[in-house]
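K.L.:
Go by the hints and put chains F and X onto chain Y.
So the sequences go chain by chain: Y, F and X. Once you know that position 78 of the first sequence is 94 in the numbering used here, the rest is easy, because the numbers rise by one and skip nothing. Once you know that position 268 of the second sequence is 284 in the numbering used here, the rest is easy, because the numbers rise by one and skip nothing. Once you know that position 60 of the third sequence is 76 in the numbering used here, the rest is easy, because the numbers rise by one and skip nothing.
These are calculated hints, taken from the structure and not from any lab test. Be aware that one or more of the hints could be misleading.
Since copy identity is lost for identical chains, a pair holds within one copy or between any two.
Claimed, not checked - In silico DSS-like pairs for lysine-lysine, Cα to Cα no more than 30 Å straight-line:
id, residue 1, residue 2
1, K283, K157
2, K297, K189
3, K81, K345
4, K157, K299
5, K299, K81
6, K345, K189
7, K270, K189
8, K283, K297
9, K283, K270
10, K283, K299
11, K299, K189
12, K81, K157
None of the values given here were measured: they were computed from a predicted structure.
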Amino acid sequence: MTSFTPPIHGNNRHLPFGDQQDSAFYGRDILSVSQFDREQLTYIFDVAHEMYEMVARVGSFDLLKGKILANLFYEPSTRTSSSFTSAMERLGGSVIPINNVSYSSVTKGESLPDTVRTLEAYADVIVLRHPEVGSSALAAKYARKPVINAGDGVGEHPTQALLDLFTIREELKRVDGLTVTMMGDLRYGRTVHSLARLLTLYDVRLNYVSPDVLAMPREIMTEIEESGIPQASFTSLEPVLAETDVLYVTRVQKERLEDPNIHESLKGAYGVTTETLLRAKDKMIVMHPLPRVWEIEMAVDDDPRAAYFRQMEYGLYIRMALLAMVLGKA
Amino acid sequence: MTSFTPPIHGNNRHLPFGDQQDSAFYGRDILSVSQFDREQLTYIFDVAHEMYEMVARVGSFDLLKGKILANLFYEPSTRTSSSFTSAMERLGGSVIPINNVSYSSVTKGESLPDTVRTLEAYADVIVLRHPEVGSSALAAKYARKPVINAGDGVGEHPTQALLDLFTIREELKRVDGLTVTMMGDLRYGRTVHSLARLLTLYDVRLNYVSPDVLAMPREIMTEIEESGIPQASFTSLEPVLAETDVLYVTRVQKERLEDPNIHESLKGAYGVTTETLLRAKDKMIVMHPLPRVWEIEMAVDDDPRAAYFRQMEYGLYIRMALLAMVLGKA
Amino acid sequence: MTSFTPPIHGNNRHLPFGDQQDSAFYGRDILSVSQFDREQLTYIFDVAHEMYEMVARVGSFDLLKGKILANLFYEPSTRTSSSFTSAMERLGGSVIPINNVSYSSVTKGESLPDTVRTLEAYADVIVLRHPEVGSSALAAKYARKPVINAGDGVGEHPTQALLDLFTIREELKRVDGLTVTMMGDLRYGRTVHSLARLLTLYDVRLNYVSPDVLAMPREIMTEIEESGIPQASFTSLEPVLAETDVLYVTRVQKERLEDPNIHESLKGAYGVTTETLLRAKDKMIVMHPLPRVWEIEMAVDDDPRAAYFRQMEYGLYIRMALLAMVLGKA
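Isolated chain Y, as found in the complex:
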């Protein structure tokens, strides 16, 4: 038997949970929001805030110089892909962009584990976007390098949930005590499911505003209920607008509606306008995972409470923090 030890893994081995170099996150995968407790979230957000301050001061810096990210996207997502690329580049690292993977090895029948084991020969960390639920966990099982889930179908998109929560913390300086109202497609909207779950770690109040056909799923509501967090459902924003600190709006996709004819009727009822903001708190924020279509009219963009473009920028800091952490540099 040969005694070969793959060399570049030697100084960056994939450690089991609990074993650590610089931090509890060194060498770990980021697969699901459920892997974090409140203390860990605070740590991530503190690091992300440091990233924000460093970028404000110097733009970029060489924390991850010489490190390589394999940005493996089995389905296109300009926003998420660009955000991870920027995060790595602002930290002085390099990126292997792999956007057309569906036309490549995969068409020759290669399995995801084999693709990942190949890429880890070239990169120090793998970001994976894949249409199938559980794909990131599968990749992480086989990879010795850290895997960051950038969305696995209707499953998880943990960095999105983290950036959503970080946005609230940065914009309103706290999470405890807030009233968070989620509006739009709460049935298929992956982001609101993950955010609701993460918020059970805090002392918040949740409102759901949607038509009945797009209501928050029963199993999510059961989870929230078990956590003791108060929640309530509405078919109109009006009753809860005045008390809302965070209005999280999601996109209503016409193709998700069984009866597409109701799509038009939703625009009036579940869209945010400058008129809406007249009756909202002065210090509330409007969030949206983007892309938006009609859910928030462009005139709202000029209102300081429109936080959705800043939300994109917070995503950069969250991803910078996670990359630095799993590579042992935070």
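P.N.:
Relative to chain Y, chains F and X alone:
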């Protein structure tokens, strides 16, 4: 209302025209050739010439280290995309390549302003190629970061026009006093329109050589006439070949011809061969925006007057200069 | 005639064979395995081994800082493209990724020589993957910058052959005296053809194991025979398994079989299982160019003799070595 100020914009804000840090170009958009006067062109070309000398001496250097370019191409253009990527990399900066944008957010219905406002959270400057006229101006209206137009349909492609003019200046050491002959498809050829407009700032003589169906449009000729620049149209190169200092050849696209049968007949009349060069000046240059098909035969490539591949390289220096200038580093 | 000399070529000109700066490889193209003698292979492998040690020690380093690689892929190959990208980035260089070239200039009818002459205005070295045999030689003929063939159809893929041989040398500490058994599709498998040719420079014994319809082509066997290397063909692995030091398995592509019905029957006869390894030497290795489908069952991956994922990593070091060498930095 929150008082959040997006941090990475703080040290790179998008300044209005006239307001400046290092130069009049800091924070500005590059949208159209019409935005430059002759003095500004001279400045751009001087910076581009410095870039040429620096590249000759050291290959690359860290003028834009830590800066990130979002290279946003809604339609493919290997040449232009690669040129901007190289320009950023030779200056030590990084690139977010976004080539498959048409398959991505856009298909979810996102507007260009939203895409641009998202990308500016990740990048310091945006290069945009888009099939619709006016798209770059629209993007620039919403972006706080500088936008460089890399072609908006049949509209403008200002960096192409600048590199064309820079090629003439570098190769022939002057622009004033030259006779520039444009040949081929002058009707649909965006590059000759922009170059002709730019040349009105100089003391030149313009000749147009094309079949009638591909003649220079009336509105361009009116513009040139109003500038006082002498111009003349021909259906054959012969009468003006001997006096020509710059022979700018464009591609004739078969699909643009109403009667595709005439395409073959054009090859003899409007193609450049080694025979053509026998009757041309010793110190003239042949230019072409590339890709070429039959307009210039490959045997011409070996003639020192064949400037079209060097033209590609001049494009690199122009783009390096513009990137450095709008980022306040020139 | 103008006396312009393209500046960035001045300090990196494309030297003819034999003319050298730092080494015999400076400025040269890498087109075919047949261009190397045994001494040159030893030199390449020594440099690749240095790369392996440097990566193990520091991950990345700035040997090629400021240099730019144009990674020009006319057909997708995630593995090869990622490997070259990583190689350039681990050496501190930059990459222009050109993956969608088939949708771009080429569709406008541009020839490969023109594309290459354009790209060399932006890059210091060109890696080319192209579906047509001889395309790399054609590109190299016109390019003044070094061209590295990353696969030209059923022609050559020299860096694959070099990494295969390097894998054997690194894993078994020698090549002379080994028995190399090639199994699977030996008829269409480009990698086994190139490896067999390269191995004629060493003192080895070759076994071919395949069904008759996928046997090693007559012309390759003639070449091997003329070199004096002993070779033998089998339709089953059993007779040669015990003596084998290197078992090189290739993918059997169903679409290559005239009678696809026999595909299923091949799985039992030409697949490697943990059972197979029970009867193999303790110090042998199993190789595969990947992607694999059924030829090696996943349970084999856990055996230390499974070298195919390490093989991917050795490819990184070979490509780092070649890039450094042709750019005069090895």
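K.L.:
Each of the hints needs a verdict: does it hold here or not?
P.N.:
Hint check:
1. K283 / K157: between (43 Å within a copy, 27 Å between copies)
2. K297 / K189: within (16 Å within a copy, 65 Å between copies)
3. K81 / K345: both (11 Å within a copy, 21 Å between copies)
4. K157 / K299: between (44 Å within a copy, 28 Å between copies)
5. K299 / K81: neither (39 Å within a copy, 38 Å between copies)
6. K345 / K189: Within. Shortest intra-copy distance 26 Å satisfies the 30 Å Cα cut-off; inter-copy 36 Å does not.
7. K270 / K189: neither (36 Å within a copy, 60 Å between copies)
8. K283 / K297: within (23 Å within a copy, 68 Å between copies)
9. K283 / K270: within (11 Å within a copy, 47 Å between copies)
10. K283 / K299: Only inside one copy: K283 and K299 sit 25 Å apart there, 66 Å across copies, limit 30 Å.
11. K299 / K189: within (11 Å within a copy, 61 Å between copies)
12. K81 / K157: within (27 Å within a copy, 35 Å between copies)
Comparing the model with each earlier hint shows violations of hints 5 and 7; every other hint is respected.
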